[in-house]
Amino acid sequence: MSSIFGIILRRIVLGVLTLFVVSLLIFASVNMLPGDFAQAILGQGATPEAVESIREDLGLNKHPVQRYLDWLGGIIQGDFGVSFAQANFAEYGGTSVELGGIASVADQLAPRFKNTMFLAGVSAAISVPLSVMLGILAALYSNSVFDRAINISTLSSISSPEFFLAYILILFLAVLNPIFPSLSNVYEGMTFWEKLDRTMLPALTLTLIVTAHMMRMTRAAIINLMASPYIEMARLKGTAPLMIIIRHALPNSLAPIINVIALNLAYLITGVVVVEVVFVYPGIGQLFVDSVKVRDIPIVQACCLIFAASYILLNLLADIMTILSNPRLRHPK
Amino acid sequence: MILVYLIISIVGIFALGWLFRWTGQKISWPKEEWNIYFRDMSYLVGVGFIFGVALILFTLYVYFILQIKFFVWGVQLLVICGVSGYIFRFLGRRIGTEGSRKLFRSMPVTAAFGILTVILYALLAVFADFIAPYEQDEIFEVINALPGGNPDLGGDPRFLLGTDQLGRDLLTRLIYGAQNTVGIAFATTVFSFLIGITGGFLAATLGGWVDQVLSRAVDALMAIPQLIFALLLMTIATAWAGSNKVMIMVYMVLIIAVLDSTRVYRLSRAVGLNIVVMDFIEAAKVRGETLRYLLFREILPNAMAPLLAEFGLRFCFVFLTISALSFLGIGIQPPLADWGTMVRDLAQFINFAAFSPLTATLPLLAAGAIALLTVAVNFIVDWVLHKSSGLKS
Numbered sequence: 115m116s117s118i119f120g121i122i123l124r125r126i127v128l129g130v131l132t133l134f135v136v137s138l139l140i141f142a143s144v145n146m147l148p149g150d151f152a153q154a155i156l157g158q159g160a161t162p163e164a165v166e167s168i169r170e171d172l173g174l175n176k177h178p179v180q181r182y183l184d185w186l187g188g189i190i191q192g193d194f195g196v197s198f199a200q201a202n203f204a205e206y207g208g209t210s211v212e213l214g215g216i217a218s219v220a221d222q223l224a225p226r227f228k229n230t231m232f233l234a235g236v237s238a239a240i241s242v243p244l245s246v247m248l249g250i251l252a253a254l255y256s257n258s259v260f261d262r263a264i265n266i267s268t269l270s271s272i273s274s275p276e277f278f279l280a281y282i283l284i285l286f287l288a289v290l291n292p293i294f295p296s297l298s299n300v301y302e303g304m305t306f307w308e309k310l311d312r313t314m315l316p317a318l319t320l321t322l323i324v325t326a327h328m329m330r331m332t333r334a335a336i337i338n339l340m341a342s343p344y345i346e347m348a349r350l351k352g353t354a355p356l357m358i359i360i361r362h363a364l365p366n367s368l369a370p371i372i373n374v375i376a377l378n379l380a381y382l383i384t385g386v387v388v389v390e391v392v393f394v395y396p397g398i399g400q401l402f403v404d405s406v407k408v409r410d411i412p413i414v415q416a417c418c419l420i421f422a423a424s425y426i427l428l429n430l431l432a433d434i435m436t437i438l439s440n441p442r443l444r445h446p447k
Numbered sequence: 095m096i097l098v099y100l101i102i103s104i105v106g107i108f109a110l111g112w113l114f115r116w117t118g119q120k121i122s123w124p125k126e127e128w129n130i131y132f133r134d135m136s137y138l139v140g141v142g143f144i145f146g147v148a149l150i151l152f153t154l155y156v157y158f159i160l161q162i163k164f165f166v167w168g169v170q171l172l173v174i175c176g177v178s179g180y181i182f183r184f185l186g187r188r189i190g191t192e193g194s195r196k197l198f199r200s201m202p203v204t205a206a207f208g209i210l211t212v213i214l215y216a217l218l219a220v221f222a223d224f225i226a227p228y229e230q231d232e233i234f235e236v237i238n239a240l241p242g243g244n245p246d247l248g249g250d251p252r253f254l255l256g257t258d259q260l261g262r263d264l265l266t267r268l269i270y271g272a273q274n275t276v277g278i279a280f281a282t283t284v285f286s287f288l289i290g291i292t293g294g295f296l297a298a299t300l301g302g303w304v305d306q307v308l309s310r311a312v313d314a315l316m317a318i319p320q321l322i323f324a325l326l327l328m329t330i331a332t333a334w335a336g337s338n339k340v341m342i343m344v345y346m347v348l349i350i351a352v353l354d355s356t357r358v359y360r361l362s363r364a365v366g367l368n369i370v371v372m373d374f375i376e377a378a379k380v381r382g383e384t385l386r387y388l389l390f391r392e393i394l395p396n397a398m399a400p401l402l403a404e405f406g407l408r409f410c411f412v413f414l415t416i417s418a419l420s421f422l423g424i425g426i427q428p429p430l431a432d433w434g435t436m437v438r439d440l441a442q443f444i445n446f447a448a449f450s451p452l453t454a455t456l457p458l459l460a461a462g463a464i465a466l467l468t469v470a471v472n473f474i475v476d477w478v479l480h481k482s483s484g485l486k487s
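So the protein lines, in turn, are chains A and B. For the first sequence, my numbering puts the final residue at 447, and the numbers step up evenly by one. For the second sequence, my numbering puts the final residue at 487, and the numbers step up evenly by one.
No wet-lab data here; the hints were simulated from the structure. Every residue, glycine too, gets a C-beta built ideally from N, C-alpha and C. Just to be clear, a hint being listed does not mean it is correct.
[Said to hold, decoys possible] Derived DEER-like restraints, expressed as beta-carbon distance ranges:
| id | chain 1 | residue 1 | chain 2 | residue 2 | range |
| --- | --- | --- | --- | --- | --- |
| 1 | A | K176 | B | R310 | 24 to 34 Å |
| 2 | B | L154 | A | M247 | 47 to 57 Å |
| 3 | B | A314 | A | L310 | 51 to 61 Å |
| 4 | B | L300 | A | K176 | 36 to 46 Å |
| 5 | B | L288 | A | G192 | 38 to 48 Å |
Make the full structure from the sequences, and use the hints.
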């Protein structure tokens with residue numbers, strides 16, 4: 115048992131290390147900005163005094179290493195800094211600064227993060243069972259008309275851009291047959307069902323993309339095993355085809371399936387950007403794109419870090435689950 | 095309400111599937127194989143048959159009775175795609191050299207359709223200047239003309255697909271989109287392969303600290319989701335470029351090429367590692383060949399097959415990333431016609447679907463142009479991969 119914990123612990127340490135490197139990378143890229151934040155906020159016509167005062171406030175006159183440590187220290191305590199768009203820098207002409215009434219980045223992110231998680235959760239709840247089921251069926255009837263139809267349609271939906279699928283869904287499910295609203299106006303205080311109704315179209319779009327991936331991997335993983343001798347044995351003793359897959363093939367192909375599911379969940383959290391923009395869904399992805407456009411650096415930094423963190427976390431989870439589900443991996447040669 | 099219909103139809107299909115199998119087993123068919131077929135039919139196959147029939151009936155019902163415009167167009171488009179792929183394959187099997195005919199004989203319709211589409215796109219991209227009726231940034235006095243060219247319905251016979259909010263011909267911009275969007279994506283992919291292959295092969299041949307440094311750098315870059323990182327870097331790039339729109343696009347190509355080359359690096363390193371242990375590499379080293387000769391004359395030709403398949407996939411990915419960036423408003427910049435930007439600009443027209451179907455297809459046309467190419471390339475790659483590995487199963 116201790117060896118499993120050892121391996122898992124090593125993975126976790128590696129994950130934390132990766133996260134550290136990623137934060138360094140993000141910080142370094144942001145620091146490649148020409149001039150600095152203060153200049154960017156105030157624009158061309160700023161007086162040197164005003165620029166200097168903002169620099170002082172934001173700690174921009176410190177050494178980059180010191181700033182990085184401050185930033186990282188703040189994040190660990192849940193403080194992502196103050197958004198440029200929120201802070202009204204017209205007040206910055208003088209020397210005194212108070213940030214009291216201004217919403218911090220963390221305050222802005224928290225509700226949106228919840229929304230994004232809700233969207234990803236709904237999509238995952240639909241797509242995971244659906245894709246595993248379809249994958250099993252496609253493996254069961256491989257090379258049939260059903261298999262080929264599924265193959266063509268999943269390949270098409272994987273390779274289409276998200277916005278194409280989104281607009282097709284809007285066309286048929288929102289405009290021509292008003293079943294779901296085409297704008298996902300989600301806000302605090304809605305009931306769960308209302309929220310679900312509003313979230314349905316973006317969730318379906320994500321489902322279409324993610325299901326295709328997971329289904330193909332499930333099918334491939336099962337078909338890979340179908341040629342092995344113990345499956346042949348099960349077939350010869352007269353087990354029903356569906357039972358062969360569920361009882362004999364599925365448990366052994368669990369590792370790749372879990373892996374691809376975790377990877378796709380990571381995709382769900384990070385791939386929401388375009389979908390959220392299409393449906394004006396108030397999630398973290400939309401905030402990210404808006405901030406990129408107005409160059410609101412603290413928010414861009416924070417969003418980037420959150421996306422990267424969830425991506426790394428889910429990859430880590432996939433790794434650990436794979437090791438747990440496959441005893442052979444616990445004893446590396 | 096919809097949910098109730100859905101549940102009823104699913105239950106109905108399952109019940110009918112059972113009934114279908116049951117009657118099939120009761121009837122004694124004239125042919126013995128049929129009797130055996132029904133005897134051995136599993137329940138799900140019966141359901142599948144009924145589901146297929148229901149799907150065909152539903153399609154026919156919507157197509158001929160409800161006649162929903164978009165559905166009709168979609169079905170027609172699918173049929174045209176299928177038939178054109180079939181005809182192309184048929185012609186390919188008759189015309190051409192022995193080798194090409196042999197290739198077409200083993201080809202599924204999807205791959206034939208993919209090849210046909212890619213050829214058409216390439217022609218469109220290369221000859222856009224001759225095909226397009228106007229210049230891509232030519233501005234006319236007619237703004238927001240509706241598609242169809244019928245003056246009574248707000249169209250203009252000069253502009254088959256209408257004009258946009260600035261008065262630019264949409265058909266022209268759609269055609270030029272092939273040149274700009276596909277061209278930029280292609281250039282980016284080539285660039286990314288140059289970086290990735292060089293890095294990967296270098297790491298594979300030299301090993302040691304070069305391999306370590308490159309691999310760890312790639313690991314770090316890959317730890318951030320690609321689109322997110324691209325957006326972050328684009329923020330900085332737009333600050334660098336200022337109002338210079340050409341520079342923004344140059345930066346975009348560079349950023350996406352570098353980010354995408356990480357995947358190419360991984361593959362070419364893995365493929366390269368398998369090749370450098372071969373005897374002929376050893377022989378070349380002993381001969382005293384230069385590193386450049388080793389990389390591009392010895393390793394590259396032997397790694398061509400997997401890299402080419404990867405090129406198709408990476409092109410799709412880059413193409414989609416660039417389209418997504420343009421759709422979000424930070425990719426290919428305005429005076430150039432581009433599909434992603436067109437989708438964003440025309441998106442609101444989708445709300446007119448109920449009373450002006452033609453107008454509502456505009457954003458779908460641009461988005462569909464993107465989708466069609468990536469689907470086509472994926473069909474080809476799927477076939478190539480299946481051909482090179484599928485014989486085992």
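Hints versus structure:
Between K176 of chain A and R310 of chain B the beta carbon distance is about 29 Å. The supplied range of 24 to 34 Å therefore holds. A C-beta distance of roughly 27 Å is found between L154 of chain B and M247 of chain A, which places it outside the suggested range of 47 to 57 Å. Roughly 39 Å separates the CB atoms of A314 of chain B and L310 of chain A, a value that falls outside the hinted 51 to 61 Å. With their beta carbons about 40 Å apart, L300 of chain B and K176 of chain A fall inside the hinted range of 36 to 46 Å.
A beta carbon spacing of about 43 Å between L288 of chain B and G192 of chain A agrees with the range 38 to 48 Å that was offered as a hint.
Checked against the numbered hints above, the structure breaks hints 2 and 3 and satisfies the rest.
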